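J.: The residues making up each chain are set out below.
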Amino acid sequence: MKSLRSSSGAVLWVAAAVAGLVGSGVTQGSPTDTAPAAPATAPTYAPPTFQSMQQAIQSVDYTMVQLRRFRDEHANVVAIRECLQVDANGSNSPAFAVTFVGVEGQLQGSPAFLKWQQIYSRMGDLFFEHSTFRIRDLPKAQANYTLFPFGTTLRANRIASRVVVFPQSLDKAMYLLEVDAQTGVPLYAAEFDSQLRLLSEVEALTFVTAVIMSPPPPGGGGSTVHQDYASAETFLGHPQGLIEPNVSIANDYAVERIVVRVDPLNGLQKLVITYTDGVDQFMIAETLGLDDVFAGLAKQDSASQATNHTIARYRDPAMSVLLFWEGGVAFQVAGRGGLQRLDDLARRLYLQALSSN
Amino acid sequence: MIREESNEGSLPGSAQCRAYLREALGGWDVRDVSRAHRDSCSFCAARMAARDRLASLLARPPEIPAGFSAVVTVEGVFARIVEQSSESRLGSILKRGMPSSPLVGEDAGWPESLLESRVGRLSSVTGTSMTGRANSPAVWAQVRRSILASIMTRIPQRAARWWLLGLASAAVVAIACTLLLANSHEPPSIVIVDYDRAPAVEYAFLRQGALR
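Here the protein sequences come in this chain order: A and B. End of the first sequence = 360 in this note's numbering, gap-free, step of one. End of the second sequence = 1570 in this note's numbering, gap-free, step of one.
These are computed hints drawn from the structure, not numbers from a lab. Source: prediction; values computed, not measured. Among these hints, one or two may not hold up.
Partial selection, computed: residues in chain A whose CB lies under 8 angstroms from chain B [as the list claims (entries may be wrong)]:
id, residue
1, C86
2, H133
3, S134
4, L199
5, V228
6, I314
7, D346
8, L354
9, L357
10, N360
Pairwise CB distance ranges, derived in the manner of DEER restraints [to be verified]:
id, chain 1, residue 1, chain 2, residue 2, range
11, B, D1554, A, G154, 42 to 50 angstroms
12, B, D1554, A, L354, 21 to 29 angstroms
13, B, I1533, A, L268, 26 to 34 angstroms
14, A, A213, B, D1554, 24 to 32 angstroms
Positions of the beta carbon are idealized from the N, C-alpha and C atoms, including for glycine.
Using the sequences and the accompanying hints, generate a full structural model.
T.: So this is what it looks like as C-alpha cells:
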C-alpha cells in the first residue's frame, strides 16, 4: 500500500512537472507560442477523457493552422507551419488534408522552404497519421495510459483543458495536452520521454470548427488499406519472402492499420503494418524488390558469413529504426526511442523470416 | 560186463551218467568205475568233449558293445532303475524308512523369485497341508513339472526382455542422434550494428523532419 501510494505520488509529481514545464514556457519555440493564463472568469469545463477525445476524432470537422516543431538528435529545432483540415466520418480515420504553409524564419522560395515543401508533398499525410496525438484505440488507451487533469488555459483563442497522459509502461512517451474544452480536439501536444526530454511538439495557432475539403487526388495517393494481412498479401500477389509478423513480444499493442503503399519514385511496393497501444505506435514495413544492402558487409566478414545476419539500428531519444534484409524483402521496424523492445521484436522477425525462406 | 553196463549206461541221463558227470565236471577224482563208464558211454563222452571246447571259449570274455560303455546310456539305465525302484513297493518302503530332515540356516532359504512362482505357492500349500508327513511321489512329480514349466516359460520371457532392452537402446540411440544432429545446426547469429545517423526512412522523416 505504501509503495502504491509512493508510485502514484511519483507519477503525479512527474505529470505536474511536465505541466509546469509548459506553463512556464520552457518548451515554447517562440514568444508567439506562449499561451496566456486562463482568465479568472472562464467557465469551468469537465476535464477531457479518452472517450471524449476519441469522440472528437469521429465527429468534429475543423480547420487548424498549427506549428509542428521537429527536433533532431542534436536538439536543433525547425518549426513548420502547416494547415490541417479534418472532415469527420464517424470512424477513427477521418478524411483529412495536410498542407505545407511555410518554415518559420525562412523566406518563401528559400532552399529550406523548397525542401520542406517537397517533403510535405510526399509525406504530409503521414505527419497526421503518425505524428499527431489522438486516441487510436479507446480500450487500449484506457488500459495503457492514465489521464491527469491540470486545469484550464487558453490556446488559439479557445479555452482548453490541460491534461497529462501518463503511460503504464515507462518505455513509452508521456504527453502534455491542451484539449479544446468545447470539442475535445487537442490544440497542443508535447511528447516527453521518461527523462522529461521533449521529443515532439505540435501547437495550434488558429482553430475553427468548419472545413472545406478539396477532393482527394485520384488514385488515393498510392495507398491501399486492407482489413487483414491475408488480403494485403493477396493484393500483392503472394510474393516470396513476405511474412505476417509475430509481435507477441508486445502484447499491449495491436494491429491498427495494414496499408500497401507504392513508392512514387521507384514504384516499389511496401506493406506497412501499424501497431498501437491506443496512443503510441510502432510500425513494421516490408518492401519488396530491394537488393540486400548488407550483402557487402557479409562478404567482408568471411569467417562468419555463413551464419551472420545483420540488423542495422538507429536509436535516439525520439526514435528507434531497425533494418534488415532477408529473402528479397527489406524489413523495417520503427517506433519510439524508448521502446527498446523493438530490438527483440526485430530479432524475432528476422528469425521468422529466416525460417520462412 | 562192462558192455552191458555200458549198454545200460548208454541211456542218456542214467544214474551212471549222472555220477560220472558229477565227478568229471565238478573237478573231483574220477573213480575207475566211472572212468570205465566214460569209455563206454557216448553221451558222457560228448559232454566232456563239449566241455573242453567251451572251456577255451569261456577263457576269454566277450567284448562289451561300445553303446553300453557310454556314460549317458549307463546313467539312463541307472535312472530307469531308480525310477522303477521308486515306483515299486521296495521304493516306497525305503522312502518311508528315510524321512527327509528340513534344512536350517541359509540352506533353508529359497530364492525370492522361486517362492513367488507357481512352484513356490505349490510348495507352501503342500508344506502347510502335509506338515509332518513326507511328500508323496505324485506331489514331487508335480513339483518337478512345475519347475520345468517355470523354466520353459522363463526362457521366452528372458528373450522378450532382451528384445525390449534392445529396442529401448535403439530408440535411445536414435533420439540422441536426432538431438545431436538438430543441435549441430547452430541457431543463426544475428548481429545488431548501430548507425551513427538516422537512415533515410519514412519514420525518420516523421520524427526529425528533413534529414540534416
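J.: Evaluate each hint against the coordinates.
T.: For each hint, the structure was consulted:
The beta carbon of A/C86 comes no nearer than 17 angstroms to any beta carbon in chain B, farther than 8 angstroms, and the hint placing it at the interface is violated. Below 8 angstroms, beta-carbon pairs count as interface contacts, and A/H133 has one with chain B at about 5 angstroms; its hint therefore holds. A hinted interface residue such as A/S134 counts as satisfied when its beta carbon comes closer than 8 angstroms to some beta carbon of chain B; here the least separation is about 5 angstroms, so the hint holds. The beta carbon of A/L199 comes no nearer than 18 angstroms to any beta carbon in chain B, farther than 8 angstroms, and the hint placing it at the interface is violated.
Because the beta carbon of A/V228 sits about 17 angstroms from the nearest beta carbon in chain B, more than 8 angstroms, this interface hint is broken. Of the supplied interface hints, the one on A/I314 holds, with its beta-carbon coming within about 5 angstroms of a beta-carbon of chain B, less than 8 angstroms. With its C-beta approaching chain B no nearer than about 7 angstroms, A/D346 sits inside the 8 angstroms limit, and its interface hint holds. A cut of 8 angstroms between beta carbons decides the hint on A/L354: the least distance to chain B is about 7 angstroms, and the hint holds.
Checking A/L357 against chain B by beta carbon gives a least distance of about 6 angstroms; that is within 8 angstroms, so the hint holds. Hint on A/N360 is violated. Least Cβ distance to chain B is approximately 12 angstroms, over the 8 angstroms limit. Against the hinted window of 42 to 50 angstroms, the Cβ-Cβ separation of B/D1554 and A/G154 comes to about 43 angstroms, which satisfies the hint. Look at B/D1554 against A/L354: about 26 angstroms separates their beta carbons, and that is inside 21 to 29 angstroms.
Checked against the given bound of 26 to 34 angstroms, the beta carbons of B/I1533 and A/L268, roughly 55 angstroms apart, lie outside it. Distance hint for A/A213 and B/D1554: a CB-CB separation of about 47 angstroms, inconsistent with the stated range 24 to 32 angstroms.
Taken one by one, the earlier hints fail for this structure at numbers 1, 4, 5, 10, 13 and 14, listed in ascending order.
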